[in-house]
Amino acid sequence: MTALSALVRRDIRIALRVGGGALIGVLFFLTVVVLMPFAVGPDLALLSRLGPAILWLGALLASLLTLDRLFMADHEDGSLDLITMSRTPLELACAAKALAHWLAAGLPLIVATPVLGLLLNLDMVATGAVALTLLAGTPALTFTGMIGAALAVTLHRGGLLMAVLVLPLSIPVLIFGVAASQAVIVGPMTFGAPFSILCALSLVSFVVGPFAAAASLRHGLD
Amino acid sequence: MSDLKRGEMQLSGRGVACVRGGREVFAGLDFAAVAGEAVAVVGRNGSGKTSLLRLIAGLLVPAGGRIALEGGDGELTLPEQCHYLGHRDTLKPALSVAENLTFWADFLGGERLGAAESLATVGLDHATHLPAGFLSAGQRRRLSLARLLTVRRPVWLLDEPTNALDTAGQDMFGGLMRQHLARGGLIIAATHAPLGIDSRELRIGGAA
Numbered sequence: 000m001t002a003l004s005a006l007v008r009r010d011i012r013i014a015l016r017v018g019g020g021a022l023i024g025v026l027f028f029l030t031v032v033v034l035m036p037f038a039v040g041p042d043l044a045l046l047s048r049l050g051p052a053i054l055w056l057g058a059l060l061a062s063l064l065t066l067d068r069l070f071m072a073d074h075e076d077g078s079l080d081l082i083t084m085s086r087t088p089l090e091l092a093c094a095a096k097a098l099a100h101w102l103a104a105g106l107p108l109i110v111a112t113p114v115l116g117l118l119l120n121l122d123m124v125a126t127g128a129v130a131l132t133l134l135a136g137t138p139a140l141t142f143t144g145m146i147g148a149a150l151a152v153t154l155h156r157g158g159l160l161m162a163v164l165v166l167p168l169s170i171p172v173l174i175f176g177v178a179a180s181q182a183v184i185v186g187p188m189t190f191g192a193p194f195s196i197l198c199a200l201s202l203v204s205f206v207v208g209p210f211a212a213a214a215s216l217r218h219g220l221d
Numbered sequence: 000m001s002d003l004k005r006g007e008m009q010l011s012g013r014g015v016a017c018v019r020g021g022r023e024v025f026a027g028l029d030f031a032a033v034a035g036e037a038v039a040v041v042g043r044n045g046s047g048k049t050s051l052l053r054l055i056a057g058l059l060v061p062a063g064g065r066i067a068l069e070g071g072d073g074e075l076t077l078p079e080q081c082h083y084l085g086h087r088d089t090l091k092p093a094l095s096v097a098e099n100l101t102f103w104a105d106f107l108g109g110e111r112l113g114a115a116e117s118l119a120t121v122g123l124d125h126a127t128h129l130p131a132g133f134l135s136a137g138q139r140r141r142l143s144l145a146r147l148l149t150v151r152r153p154v155w156l157l158d159e160p161t162n163a164l165d166t167a168g169q170d171m172f173g174g175l176m177r178q179h180l181a182r183g184g185l186i187i188a189a190t191h192a193p194l195g196i197d198s199r200e201l202r203i204g205g206a207a
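Going down the list, the sequences are from chains A and B. The opening residue of the first sequence carries number 0 in numbering that gives the first Met the number 0; numbering runs sequentially from there. The opening residue of the second sequence carries number 0 in numbering that gives the first Met the number 0; numbering runs sequentially from there.
It is worth saying that the hints were derived from the structure and are not from the lab. All values derive from a computational prediction rather than experimental measurement. Be a bit skeptical, because a hint or two may be false.
[Said to hold, decoys possible] Reference excerpt, derived from the structure (chain A facing chain B, CB under 8 Å, subset only):
#, residue
1, R12
2, G19
3, L22
4, S78
[Said to hold, decoys possible] Among the chain B residues that face chain A by a calculated CB cut under 10 Å, a handful are:
#, residue
5, L75
6, P78
7, R87
8, P92
9, P130
10, F133
Beta carbons: idealized from backbone N, C-alpha and C, even for Gly.
Please build the complete structure, drawing on both the sequences and the hints.
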């Protein structure tokens, strides 16, 4: 456990320092959401109908933006070699890295959501619903995105490949995340059904993500 | 093998072959190193010195043959008992010298020495709180060496270890290697320059 908590603490510390990835994601999220009302125009009803979709798209793109560095930085400076050789199973190390990434880059997005909800004419309940779906859904984005990040490292291709690999995996998360939030705002569906599926997607990704990423890293040893 | 004393380590490879990118780098390589011995791997550029170290470290999969450590800790795999010091320095520029070192100590685990003590040994105790991004190449190498001291591993795999070290640094490192060997460790080093300690030569890929 010491090893894993050391890894989580290190990754969060790097992300929060100058030049780290945490701030980039939130700033990107902020930019997308702030610009949207200007692009859509002053139709308040339309804005609040599009609100959850805009917030979810912003969060999805923001997490993709920082995910491709998840293993790349460690690969470039040789840390990944030592992590692979260490006594900690690679699967657990991958899970710890994903957790650190979510805490540093995913959680701030959720914290920023209530503020941004104001710009999109969402009331308290709607904003709360979007924040809750993001809380349940963004871990799935991180843990499935990790698979793409691991493949990008082993195939020596950068961010573009990562986007192509990860986007299809994140589409279900996006669909059910937005569906659950819309259910609260416009109905007539219940909130529970899509939200349960969203939670299920996250739980599946916790199991599949670390194993797939570790397998990909091991296979691509060079 | 029969004359191997109980508890004495031996790292050996039989008929090891390495293929990189579809090209055979070396094949049928036999080597052995016992506890307290340093082996200097020499050969021209591209002869596979680094590849051999990475094969031992489990970072490459051998195309043939086998590599085994006898007399080590039976609970652990060979890579788990190795220190690998490669070309890349495994340091995070945003973290301070002490943070970099304590992270690896915590993450790698096992028997360990105080971080402050090993930083003093490698001559970096004045820069403990400096971000690693500000270190010179030689200082970065010294910090990497501090990792070898802080976390104890019986097998050291060193790739051009004296690169970027000044003369005093090379002397200091020679002393560290001698201490490690005296404690019953073993060293495999890929090198062009003399190691500065008594070592057996393992030449791969024909004459330089």
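Verification of the supplied hints:
1. R12: holds, 7 Å
2. G19: With a closest approach of 7 Å, the G19 of chain A hint holds.
3. L22: This interface hint is violated because 13 Å lies over the 8 Å limit.
4. S78: For S78 of chain A, the interface hint holds, since the closest Cβ of chain B sits about 5 Å away, which is under 8 Å.
5. L75: The hint holds - L75 of chain B has a Cβ within 10 Å of chain A, the shortest such distance being about 7 Å.
6. P78: Status holds, d = 4 Å.
7. R87: For R87 of chain B, the interface hint holds, since the closest Cβ of chain A sits about 3 Å away, which is under 10 Å.
8. P92: At about 8 Å, which falls below the 10 Å cut-off, the nearest Cβ of chain A leaves the hint on P92 of chain B intact, so it holds.
9. P130: holds, 8 Å
10. F133: violated, 13 Å
Violated hints for the displayed structure, listed by number in ascending order: 3 and 10.
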